[in-house]
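Q: In order, the protein sequences belong to chains A and B.
Each residue of the first sequence is one higher than the one before, starting from -13 at the first, in my numbering.
Each residue of the second sequence is one higher than the one before, starting from 860 at the first, in my numbering.
No lab work stands behind these hints, which were simulated from the structure alone.
A few of these clues could be false.
Calculated pairs, DSS-like style, for lysine-lysine (alpha carbon to alpha carbon, straight line, at most 30 Å) [what the hints assert, rightly or not]:
no., chain 1, residue 1, chain 2, residue 2
1, B, Lys902, A, Lys192
2, B, Lys902, A, Lys230
3, A, Lys184, B, Lys867
4, A, Lys(-10), B, Lys1126
5, A, Lys189, B, Lys1130
6, B, Lys902, A, Lys179
7, B, Lys1099, A, Lys180
8, A, Lys31, B, Lys1051
9, B, Lys1126, A, Lys31
10, B, Lys867, A, Lys180
11, A, Lys31, B, Lys1119
12, B, Lys867, A, Lys230
13, A, Lys303, A, Lys130
14, B, Lys867, A, Lys189
15, A, Lys309, A, Lys343
16, A, Lys31, B, Lys1130
17, A, Lys189, B, Lys902
18, A, Lys184, B, Lys902
Only a predicted model underlies this, so the values are computations on that prediction, with no experimental measurement involved.
For reference, the chains in residue letters:
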Amino acid sequence: MAVKLMQGNEACVAGALRAGMTFYAGYPITPSTEIAELSAEELPKIGGKFIQMEDEIAGIAAALGGSLAGKKSMTATSGPGFSLKQENIGYGIITETPCVIVNVQRSGPSTGLPTSPAQGDIMQARWGTHGDHSIIALYPSSVKEIYDITIRAFNLAEKYRTPVILLLDEIIGHMREKIEINEDDDIEIIDRKKPTCKPEDYKAFKVNKGDIVPEMAAFGSGYRFHVTGLAHDETGFPTGNEIKAEQLFTRLIDKIEDNVDDIVTYEEYKLDDAEIAIVSFGSIARSARAAVDSLREMGYKIGLFRPITIWPSPEAKLLELGKKMNKIYVVELNAGQYFLEVDRLSGKNTTVEKYGKINGEIITPEEIINLIKEENHA
Amino acid sequence: MPSELVNKYYRTENLPHIWCPGCGNGIVTRAIVKAIDSLGLDKNNVCIVSGIGCSSRAPGYLDFNTLHTTHGRALAFATGIKLANPGLEVIVVTGDGDSSAIGGNHLIHASRRNIDITTIVFNNNTYGMTGGQYSPTTPTGDKGTTAPYGNVDPSFDLCELSSAAGATYVARGTIFAANMLEKNIVEAIENKGFSLVEAFTTCPTYFGRKNKKGSAVDMVTYLKENAVNALAWDKLPDEKKEGKFIIGKLHQKTRPEYTKAYDDLIKSLAKEG
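Working from the sequences, and respecting the hints, build out all of it.
A: What follows is the structure in structure tokens.
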């Protein structure tokens, strides 16, 4: 058992390597840069490949290329870079190319407040790339959890053959905490399912009975196939047929939405007898948790609901929460993004309020305590 | 009946192709396939990557590992594939707009890295897929649907651009001199480093019609009559160079190749470890 003082971004690379990452392509941007730096240091030592590309778009393009050649690959970025990567996230979705895209969120639109923290890319993670699609986005809130959730991000990318967005923020990306990593731990590592049929029988985008996604051959493995961002049928070749196009677009959404029970994880903290719930995630959930502890001491029946899978959202749980709670506060470091999702679900049965901030400062436990005390009695 | 070459290398079930009558893209595609055939490359070991545009549809018709990517990004995807699996023979098929406008940055940097990728630019001087807008290689003064009064922009020489950025093999050909084009593509694939072959091709539907260049045959005749072999170019007096262009091998040199250099790094770290 190794006990280490580790930075969040560092834990992300440690988790990625544990998950089997052998390819990284990216472009430097604060506050994600340590992820690139550490990947550059570690990958060649294990025979893996790191490349610093000429821009953010090339970073994700090369990462997807590496994945198509059979490697588990990752790219990391922040704010402006996340915007630049959006088109190729859609390419990864329609071509079902596994890849982990880390976005260490920073403050503001455009260059904004570099590099103060924010949680302003919650909706961009969901809808940043054009066209109807589903997406998996995960958001850990501690250094140890970054390690674990990065492994999970790779597993989900491989299992569902899709880009997975790993949301971090400047606070947890740069924060250092003590973590214990045991290399001998029996951690589940999922690899993409490869075809075993004869190459001439391989249909690159056909889902076999009992499978969630098509089997994925690597370029150069003897299975010659075509990959395109155009609508395609199960052979992989383009089609303009509306029935086949709809089948594809629907399947890409359903493979995620039909498996929310497998994909969605969350933490419930002191919610059993709670009348008030705070919904919060990432770094700000840490303030929310501290606030819950203090408010409990003051006699408030309050708890924390922390989605770890941000997208797809924990719909059933948020519906249930709305039925149980007298009031829900969505506390997030933005102007009210996830609030829209919580209000859509929990808001059917209870009052949902938002509390946010967009000045680059964090939300402290004291602020949350005062907010609750102003509006509620213990 | 398809020829032996077509049966061997084309995905005949996807034919006929989408290209217009008189388009030269089929000739360039055939030159690539003939080059691969004459080199005796294993089909399983060839990866053809394209971006977006008319020419970028070529990989869908070819029976190799094929990838049709996003607009301008073929070289960025191809860089990832080549680095992840240096054993693959990676060929990029791209157009003038795809490679030099939206994808210009990737062309410069793939050249600079001298990564072992062969890039074939199908240069038809226009954006054909979107209906004939001017591109970075449209000659100044020529018309496009977005240059109704004639193109004000100066045009790019992609061969000079790629050579200056660090490519180690650069050639230009035309669809008239198809055998020479094939020979240059063979040399480009053989070169261990970044190679670029610019193939002048015809778009009678948009570029030709908009600029009154006549029929497809007239446009091919123009390519025939105005091309000067690189071997003869230097001997030509300046006044005779007016309106002409060079074809053949334009640039070749030796520099360390990127994926080899990275593999050497891995080996040196393994020794230290």
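Q: Decide, hint by hint, whether the structure agrees.
A: Comparing the hints with the structure gives:
1. B:Lys902 - A:Lys192: Measuring from Cα to Cα gives roughly 23 Å; hence the hint holds.
2. B:Lys902 - A:Lys230: Satisfied, since the Cα-Cα distance of roughly 29 Å is no more than 30 Å.
3. A:Lys184 - B:Lys867: holds, 19 Å
4. A:Lys(-10) - B:Lys1126: Answer holds: A:Lys(-10) to B:Lys1126 is near 29 Å, not above 30 Å.
5. A:Lys189 - B:Lys1130: Outside the cut-off at roughly 42 Å; violated.
6. B:Lys902 - A:Lys179: Satisfied, since the Cα-Cα distance of roughly 23 Å is no more than 30 Å.
7. B:Lys1099 - A:Lys180: Violated - the C-alpha atoms of A:Lys180 and B:Lys1099 are around 60 Å apart, more than 30 Å.
8. A:Lys31 - B:Lys1051: holds, 25 Å
9. B:Lys1126 - A:Lys31: holds, 9 Å
10. B:Lys867 - A:Lys180: Within the cut-off at roughly 26 Å; holds.
11. A:Lys31 - B:Lys1119: Status holds; Cα separation ~16 Å.
12. B:Lys867 - A:Lys230: holds, 29 Å
13. A:Lys303 - A:Lys130: holds, 25 Å
14. B:Lys867 - A:Lys189: holds, 20 Å
15. A:Lys309 - A:Lys343: holds, 27 Å
16. A:Lys31 - B:Lys1130: Holds - the C-alpha atoms of B:Lys1130 and A:Lys31 are around 10 Å apart, at most 30 Å.
17. A:Lys189 - B:Lys902: holds, 18 Å
18. A:Lys184 - B:Lys902: Holds, because 16 Å separates the two Cα atoms, which is no more than 30 Å.
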